[in-house]
Every structure is written in structure tokens, then in C-alpha cells.
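Taken in order, these protein sequences are the chains called G and X. The numbers in my numbering rise by one with no breaks, and the one at position 16 of the first sequence is 16. Every number in my numbering is 1000 more than the matching position in the second sequence, counting from 1.
No wet-lab data here; the hints were simulated from the structure. Incorrect hints may have been included.
As the list claims (entries may be wrong) - Label-pair restraints from in silico Cβ distances:
id	chain 1	residue 1	chain 2	residue 2	range
1	X	LEU1010	G	ALA94	31 to 39 Å
2	X	ALA1022	G	GLN54	35 to 43 Å
3	G	GLN110	X	THR1091	44 to 52 Å
What the hints assert, rightly or not - Mimicking DSSO-like on lysine-lysine, the simulated pairs with C-alpha atoms at most 30 Å apart in a straight line are:
id	chain 1	residue 1	chain 2	residue 2
4	G	LYS69	X	LYS1068
5	G	LYS57	X	LYS1076
6	X	LYS1097	G	LYS57
7	G	LYS22	X	LYS1068
8	X	LYS1176	G	LYS44
9	X	LYS1067	X	LYS1148
10	X	LYS1176	G	LYS25
11	X	LYS1076	G	LYS69
12	G	LYS44	X	LYS1068
13	X	LYS1072	G	LYS69
Said to hold, decoys possible - Computed, partial: chain X to chain G, Cβ under 7 Å:
id	residue
14	LEU1010
15	TYR1011
16	PHE1044
17	MET1061
18	ARG1063
19	GLN1157
20	ASN1166
21	VAL1170
22	THR1174
23	GLN1185
Each residue gets a CB set at the ideal place from its N, CA and C atoms; glycine is no exception.
For reference, the chains in residue letters:
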Amino acid sequence: MNRYQFEDLISEYIENELSLSKRKKFEAYLEEHPDSAQLVNAIKDNIVRLNQMQALKTSGSFNEHLLEKIENPRFNIDKDQVRSMIFGLTPGYATLMMGFVATFIFISLQLLMPDVDTQIMKKVHLTDNDIPANTNPSINHNIIEDQDMVHTIDDSVRADSTIRLKKDFSKKMQFVND
Amino acid sequence: MSLDKKSTFLYTDEQLIGRFQAGDERAYVELVNRYKDRLFNFVFPFFGDVEQSEDVVQDTMLRLYEKKHYYKEIAKFSTWIYTIARNLANTELRKRKRRKTTYLSQMSKEDRQYDIPAVQDDVDQDLQNEFMRNRINLAIDALPEHFKTVIILRDIQELSYDDISNIVEVPLGTIKSRINRARLQLQAELQDLK
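Extracted from the complex, chain G is given alone in its bound form (with noise of 0.2 Å):
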């Protein structure tokens, strides 16, 4: 043990914090070098002096001045302001908050959720030539595949509807004469 490694291990000696084998190491240092014991007992007693000194007291109007501080209105001690917080947070705090937990919330939608026109896209039948220029992205989810159906360009659509188109057997079905 050198005397950097001895001045770095005192304060861990004086409050019993050394493991055995360092501490008999370093109880092997004080007894060849007679100074750094007179260190060590040294730094003990200063130790005791600060834990003994007196302690200070404040004045006895210590109490007297905080009061009139908290009660006069110089000091804008705003108790209504203490009164008015949300969740723990100032009222600017928490809508800040709010805003960001929207945020964040609106995101993570957009992420998770794909986007619903883009199923509807996926369900309707439609061949290559078929696939016209502007398709509406609005067609509801609930068009019914029909071969027979009859393909047009409709803008007018109407997203809630069911489109079902009425098949017209008049043309296929012929009744026989008795």
C-alpha cells in the first residue's frame, strides 16, 4: 500500500467501512508509518469537534418575518394557484401534457390502423381492363363481389349504402307456355 492508496482508504476506515483484508492491510500501514496514524487520529478528532460543535439558532422572529411574507400580497404568493393544479401540474403543464398525449395518441392510430379505404380497395373485383382512371376510394367495404354487376364509374356512391344491384332475370329467365 503506497500513501495515495492509504489517504484514499481513510474515511472508509474511521466509519468501519473497510473489508477485513484491506482493513488489516491498512491497520499494517499505520504501524510502519507513525505520521499517518497521527493523520488518521487527527482527522477522528476534527470528526467529533464538527459533530459537537454548537448548533446555530435562528432569531426569534424567524417565525415572525415568514409569516407576514406569506400573508402579505407583495410576496404574490398566488393560493389560489397552489389551488388550481391538475393532476400535480400547473394549468399551462397540463394542457401541454393533454397535448402531447393527443398527439401521441393520433400517431400511434395512424401507425396501427391502416387505413380503411385502402381494405375497401382490396375487396372489389375488378380485372385489368376494368380498373378505371378515377375510382372513388370511398366505395364502402360492403359491395358484395357479383360477377354480374354491372361496372360503371359512379361518383355518386354513397359510402354507407349497400350497393346490391337488383339482377334483372327478365332478359335470361323465359316462362314457358303451358
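Given the coordinates of chain G, work out where chain X should sit on it, guided by the hints.
Chain X only, in chain G's frame:
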């Protein structure tokens, strides 16, 4: 609200701040009475001036009154209020440096002359104690601020290493090392004292 010194609460500091947050101002009074002297002894070595030290402690108590809802039970109350006092003291010290004003150090709180009576058994002991106190205060004052802070908190205020680490916002290992170096330097200042 009256600041009555006769409040006798058996609550912990954390319970008291909780009651104060709920609106019980007697709890605030009790906290003031518990901490005013401790904080005064903490900040006084930095200023050496009674009035200014009391102002800092008063500002700390005002901050406690205004910002009580900022305290959360994650940390100890003592850590929180010491941190407030430390920050206010640092702000005031920076102002002093900018103003370049100095204050006469008042090593003794009591501004009185010693009248040595004709007969008093322990007068020598009182003088010796006063001399010792002044000598130690001068030695502490000569330390760098980061050493002064930790030696006051550890050896005078007797706070734990963890509390000091939280107040000073420095890792625990650094605090232990700093206290060790501070004690060595303090001994170098006091080596003529027996």
C-alpha cells in the same frame, strides 16, 4: 395561520408534507420549526452573515409554501428541502459575485461583547470553545465550495451518504471520495489545532 412553536406532531416529515398538501397548514408550521435551524446551519458557512443566511432559509420556506405540490414521495423530504436551500444559496452567491460585494464574516451569531465576570468557573472553557468554533469555521471557509458542502452535510448535519448524493446530485462514489479529500484538506487547515 399562526406559527406556534408548541406544535407537537409525531408525524414523519413525509407525513407532514402530505398533510400540508392536503391543506393542513399546521403541518407546514411543524416543518418550518423542524428545519429552520438545520438549514440555517447548512447555509451559514457559505455566507458568514446571519441576516443573509436567514433570508435564504426564509426563501426556502416560502418556496416550500408555494411549491408544496411539487414534492413527490419518490425522494425523502429532507433531500428535497436541502436541495431547494442549496439552489437558493448558490443563486444568492452568484449574485454576490456579480455585485462584487463582500460581507463581514460574523463568526458568532450573538453580537455581544464578552464581559468576563469576576467569578465564573467555566469562563476559560467558554472562551476555549468559542476560539475552537471560530478556528474551525475559518478552516471550513477556506475549503473549496464542493468540499465545504459535503463536509457540512456529513460531519455537521450528519446526513447519510445517500442523502448527500441526492442533494448534491453527484454519484455516491464521488461523494465518498469528495468527503475523504475534504477531511484531509480540513486537517491540513487545522494541523496547528490541538
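Violations among the numbered hints, reported as their numbers in ascending order: 7, 12, 14, 15, 18, 19, 20, 21, 22, 23
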